[in-house]
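Here's the letter readout for the chains.
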Amino acid sequence: MMEYMTPDFTQEMAATHTILIPNMAPVQFSLLQAALDSEGYHTVLLSSGSSEAARLGLKYVHNDTCYPALVVIGQFLEALDSGEYDLEHTALMITQTGGGCRASNYLKLLRKALVKSGYGYIPVISVNFSGLEKNSSLHFTPELARKVFAAVEYGDELSALRNQVRPYESNEGDTEKLTGQWIRTITQWTKDGTNYKKRREIINNFERIAESYSRIPVRHENKIKVGIVGEIYVKFSPIGNNNLLAFLESQGCEVNLPGLMGFLEYSIANTEIDYKLYGGKWYIGLGAETALNYLDAATTAMNDAMRKYGFTAPGRFRELMKKPEGILHLGAKMGEGWLLTAEMVELIESGFTNIVCAQPFGCLPNHIAGKGVMSRIRSLYPEANITAVDYDASSSRVNQENRIKLMLSVAAEKLNGNKPAESY
Amino acid sequence: MRTGLDIGSTTIKCVVLDDQNNIVFSVYERHFSHITEKCIEILKRISHEVLHEEPCYLAVSGSAGMGMAEACGIPFVQEVYADRVAAGRLNPETDCIIELGGEDAKILFLTNGLEVRMNGSCAGGTGAFIDQMATLLKMQPDEMDQAALQAERTYTIASRCGVFAKSDIQPLINQGASSADIAASIYQAVVNQTIAGLAQGRKITGNILYLGGPMTFSRCLRSSFDRTLNIKGICPENSLYYVALGAAYYADTISDPRELLARIEAYGRKAVFASLPPLFNDREEYWKFHLRHAKACVSRVPFTEDCGTIHIGIDSGSTTIKIAAADENKNLLFTDYRPNNGNPVPIVREILMSLYEKYPGIRIGSVTATGYGEELMKHAFRCDFGVVETTAHFLAARHFMPDVDFIIDIGGQDMKCFKIEDGAISDIFLNEACSSGCGSFLQTFAEAMEMNVEEFAMQGLFARHPVDLGSRCTVFMNSSVKQAQKDGASLDCISAGLSISVVKNALYKVIRASSADQLGMNIVVQGGTFYNEAVLRAFEQEIGRNVVRPDIAGLMGAYGAALYGMERSSGESSVLSYEELKDFTHKVQNTTCQGCGNHCQLTINTFSGTGRFISGNRCEKPVTGKSGDQSLNLYAVKLDMLKKYTGDEGEAVNGTIGIPLCLNMYELLPFWHTLFRHLGFKVICSPLSNRTIYQSGQGTIPSDTVCFPAKMSHGHIAVLAAEKPDAIFYPCMSYNFDEHLGDNHYNCPVVAYYPEVLADNCGELDSVRFIYEYLNLQNRSHFTSHFPKILKQYFPSLRTKDIRKAVNAAYAEYEDHMNKVRLKGAEIISEARRRGMHIIVLAGRPYHIDPEINHGIDRLISRQPAAIITEDSVSHLTEKFPTSVLNQWTYHSRLYAAAKYCTQNPDTDLIQLVSFGCGLDAVTTDEVREILQDGGKLYTQLKIDEITNLGAVNIRIRSLFSALQERKERE
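Those protein sequence lines, which keep their order, are chains A and B. With the first letter of the first sequence counted as 1, position 326 gets the number 326 in the numbering used here; the numbers rise by one all the way through. With the first letter of the second sequence counted as 1, position 624 gets the number 624 in the numbering used here; the numbers rise by one all the way through.
Note that these hints are calculated values from the structure, not bench results. Only a predicted model underlies this, so the values are computations on that prediction, with no experimental measurement involved. C-beta: ideal position from N, C-alpha, C; glycine also. Among the hints, a few may not be true.
Unchecked claim - With a cut-off of at most 30 Å between alpha-carbon atoms, the simulated DSS-like pairs for lysine-lysine come out as follows:
no.: 1; chain 1: A; residue 1: Lys308; chain 2: A; residue 2: Lys223
no.: 2; chain 1: A; residue 1: Lys116; chain 2: B; residue 2: Lys880
no.: 3; chain 1: A; residue 1: Lys322; chain 2: B; residue 2: Lys789
no.: 4; chain 1: B; residue 1: Lys805; chain 2: B; residue 2: Lys644
no.: 5; chain 1: A; residue 1: Lys276; chain 2: B; residue 2: Lys792
no.: 6; chain 1: A; residue 1: Lys116; chain 2: B; residue 2: Lys419
no.: 7; chain 1: A; residue 1: Lys322; chain 2: B; residue 2: Lys644
no.: 8; chain 1: B; residue 1: Lys682; chain 2: B; residue 2: Lys789
no.: 9; chain 1: A; residue 1: Lys134; chain 2: B; residue 2: Lys880
no.: 10; chain 1: B; residue 1: Lys801; chain 2: A; residue 2: Lys276
no.: 11; chain 1: B; residue 1: Lys801; chain 2: B; residue 2: Lys724
no.: 12; chain 1: A; residue 1: Lys281; chain 2: B; residue 2: Lys419
no.: 13; chain 1: B; residue 1: Lys644; chain 2: A; residue 2: Lys276
no.: 14; chain 1: B; residue 1: Lys288; chain 2: A; residue 2: Lys281
no.: 15; chain 1: A; residue 1: Lys281; chain 2: B; residue 2: Lys880
no.: 16; chain 1: B; residue 1: Lys419; chain 2: A; residue 2: Lys414
no.: 17; chain 1: B; residue 1: Lys644; chain 2: A; residue 2: Lys281
no.: 18; chain 1: A; residue 1: Lys281; chain 2: A; residue 2: Lys134
no.: 19; chain 1: B; residue 1: Lys644; chain 2: B; residue 2: Lys801
no.: 20; chain 1: B; residue 1: Lys792; chain 2: A; residue 2: Lys281
no.: 21; chain 1: B; residue 1: Lys682; chain 2: B; residue 2: Lys880
no.: 22; chain 1: B; residue 1: Lys419; chain 2: A; residue 2: Lys276
Stated by the list, open to error - Calculated Cβ distances over 12 Å to all of chain A for the following chain B residues:
no.: 23; residue: Gln150
no.: 24; residue: Asp648
no.: 25; residue: Asp760
no.: 26; residue: Ser884
Whenever a hint applies, use it, and build me the whole structure from the sequences.
So this is what it looks like as structure tokens:
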């Protein structure tokens, strides 16, 4: 049996190759790009999702495979076809979670698609923390790892603040402008190698950032508060979810999109939980615990900074881990697993009772942690107003938006003190 | 005045209220996709006749109205919400609303926590579904309602989506079930779908309101809901207009209708939707194409009595009957093609008799039957031969193109593609239930537009901007069409888009081709759907290559069957003579076989002279009186092995434990049963699945797209809970045993965590203790020390020492059980070899031995005859090898290993069972196929769901065996 192989990505290629990265979360990923570039990589973010990309995805990937794989692989192939890149010196970067869900297979499916479409010579870099693809994975130097974590943290803060201010800004465009400025500033920091190492420095920056957003003039009005949870790609990616965030804002909502760091922390926490449930090497359990505590301290500082300036922010990650109690066990760790449930509860408890749960059509873990837990959540939190929306290559936008509007109608009614709403 | 406009997927509804909220005007019309035009027409009318050009409060609702409302700045209200507004005013005492629309089903719970539910994107249409089914029964919807009132029984019809239901209904029609019974079954299916898909465990009680077209028009549908829910719902006055009324009540801005009209007209002119290049750039291009295809025609000679010996082929399809006759030089003499009206026998009799009458001196050399009705034809008319339809199609295609290497046949209901290598079929692709309906989909759509299919397709030939509708199943296409309509796509663009979709479906969903070269160099396309030039053109465009479409594209099966008979003819056919045909009678009787749990729907055909023929059976029992020997069927043997555990409950010294026999329990039952028996528990195991068990749990299924084996587990919990054990035990397991065949040893997410779903959704578990701890059996030492602590939380009186002992016994029993499976497999292999039988690895998951899940497919295969073994009985015979996918799930690693095993054994082939909705099989099927193909083996996949069309399964199996036979003959 042949294995579809593409060349390994060697460290020497870092200097010679352009690395294409599918853009998942626009703010966070532009900072991640800066982190990688400052460590000697040359990267390009693929942010567009054309119908050509969708067509290529459908052509080279089994159509029942989850939607994110179709989109991302289609994007890669479209980029390679575009003629914009020197194909002798181009590599592709993709993440692998190593968990029990199909997502761990994206890289293999990508290789297969590359070989079948005549790009078998393009190296693929795996980003993972599970020891997969040892010869072709992104090498995390301590430097790079710290920069990456800082990028995700800063990115999460910027996007959380942006989402809280934008719907209320008095002067249209203020928030986007400020966010743009911060992205440039942080990119510069990363280039200069500053502001990512010292804890104190970072915490200071968290506060500066929060403070700057608090100075944007806003109108005080009551908006429908909507949280977005779901499969990580369709939760974040505007291409994957038909611009869900923008759609909700256009409908007059304030959106809460829990950050990317949560997923990293969740992945680390699972190692710790696995150790507790099934045993294993004690030092791995301890390592995970230490790493999680370290990250949790940083996110907590960020959240404190946001709260200090009057913004909403989630609690400690360790607290978040308690949220699914009575609904889903922390052992459910495939895909977004218990994190998805935890985020729903966290959102409801912080006033975001209206929730869009976004998942690729037929997403396996979401049968459990998404749709599977909704009735229990509704019985525990009667105010919860959750709608599950499926995304895939051919499911139509009108269907998705119709469901969301239904959820918003109910939300508007509740906002009006349970009187039938006058809008939506 | 207030105006509410409800623009749905198929109809447009409008009401105008005066200042006292009396309805002064209402209209309900189909819009045939002409949304903006229809809207303008109605608005003009009311503006002029009712509003007298005065401004009024106005709002729009309905899924198809959303885009227009947004673009034109008209206030919009979501349709379900509009329902609620209207019901709040008109029927304030309502607890729950059930509304069925053209393509949506909705349930609104108004009291005790407001909740609104809409059908998922996969759940198919309802009104459109009923229309489709009525078409299938050749009735108007109101006739169907009338008919259903006369029903005496109902059949089980897949309630999941229209495509599935259609494939259930077709065989019923073919078997001659009464249309009254079928009609009633259709309404019941809609009811089941609505409840299973939308109620999701919440009980529908209190004052129920029935709304929407189907509910208004069908008495039988309402009474089916009443009966099933044990309630008495009301269908209020104006039940068609609730959404429109809601929009009218809710309207809070005054609009000037004339100004709105101007905006809508402007909107209609600037349509935007994702479009594809046109099929033809100009007429000249079309004519070139047309003339090229006109050349591919079969040679014909006039049919006279001097034609010599003739050979007749009968292709008895699911909806049509096709007959072709050829002379010894393969010249076509005679063809006939007509719908079978559900009973092909009298039609064929009539055709044969007319042949005898017209040509009294006719010499018939052979009559060969093929298609769904092959066996029926053979028995009824004493045909000489039967040939599986794939072979018949191949023979015909080879006649047109001797070096053909790829054939694609798109018929009304099914799609068949096969690859030809070295003059034999090397690979077969048949459409799965989910992407079927290809040809008939176009037809249904055309009919909805009140056109015939040719006319409808012609519309698309010169469309400038064919709509991009994607390549999914028809249900998705429906909503894509809705979207396109919303975006203002015209009919010609939709028609072209649908034709292109059919092609994409075939290429990317059924064949899974990534390039034309993968298909072949010499391609023949056939089947009735390819008469449609838009489809033909789209196919050539999509693969970038010219193809041959024979002029008898729709008759290839019959022609091929005639050729098949010609090769084998002894000179004189055994077919019934004219006299015999004259006296021929045919009686049909339907019954349910009570021989085993499969409860096959049998059709007993009695023919004068040719005896009795039973169809619908999976095994020989109803024919011979005893079930076939299943000793060489490891599926049956494995099921039998479980009896040891399901039958032995033991004494309840320490209490009773219930174990649901679902998902991974089919493999782990020996482990847990032994463990609890050793600890002095009485162990109650839920019985083998059946339809009743499934239905007892279907109300608590939260995700309608999860696989059927998972859905089945809800029923097992319901059954077990009723036994009131002290606890039900069903642990969560991220990890499976490591069999060293892959890089990791996970369970799939559904198998791993389904107990969580049961815990959160099955109300029955509120009154029974449910133990669903996270356990990992792979790490034996950890489990042995860890498990006692867990179990003692529930049963404090147990002693650690005893639990450890029981754990050891459990491991031993599990190993013993698995060894037995392997040993039994080895025995079957050697016995099969001794008898010279072919061996089939029926590869699936442990739970696929459940007869309710595999629908008796194992027995169907064993009738070929063949010996059947399981993937887990041979997977240990190969070493781990590199795969092109991440090999990290234990059950799936076995599939790859079993495939590898087949490539090393010439007398062994693999058939893969795939549960619909299994996400992991999107990964495994391609991989298994490639492993087999690399080893020169054929790949066969059978997709199974709640209900499976065994006719299609049979064709697949027979095609495989026929191809294997052919290979063997050539060697």
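The hints, checked one at a time:
no. : hint                : result
1   : A/Lys308 - A/Lys223 : holds, 22 Å
2   : A/Lys116 - B/Lys880 : holds, 24 Å
3   : A/Lys322 - B/Lys789 : holds, 22 Å
4   : B/Lys805 - B/Lys644 : holds, 21 Å
5   : A/Lys276 - B/Lys792 : holds, 18 Å
6   : A/Lys116 - B/Lys419 : holds, 19 Å
7   : A/Lys322 - B/Lys644 : violated, 42 Å
8   : B/Lys682 - B/Lys789 : holds, 21 Å
9   : A/Lys134 - B/Lys880 : holds, 19 Å
10  : B/Lys801 - A/Lys276 : holds, 22 Å
11  : B/Lys801 - B/Lys724 : holds, 28 Å
12  : A/Lys281 - B/Lys419 : violated, 52 Å
13  : B/Lys644 - A/Lys276 : violated, 35 Å
14  : B/Lys288 - A/Lys281 : violated, 73 Å
15  : A/Lys281 - B/Lys880 : holds, 26 Å
16  : B/Lys419 - A/Lys414 : violated, 60 Å
17  : B/Lys644 - A/Lys281 : violated, 39 Å
18  : A/Lys281 - A/Lys134 : holds, 21 Å
19  : B/Lys644 - B/Lys801 : holds, 26 Å
20  : B/Lys792 - A/Lys281 : holds, 25 Å
21  : B/Lys682 - B/Lys880 : violated, 40 Å
22  : B/Lys419 - A/Lys276 : violated, 53 Å
23  : Gln150              : holds, 37 Å
24  : Asp648              : holds, 30 Å
25  : Asp760              : violated, 4 Å
26  : Ser884              : violated, 4 Å
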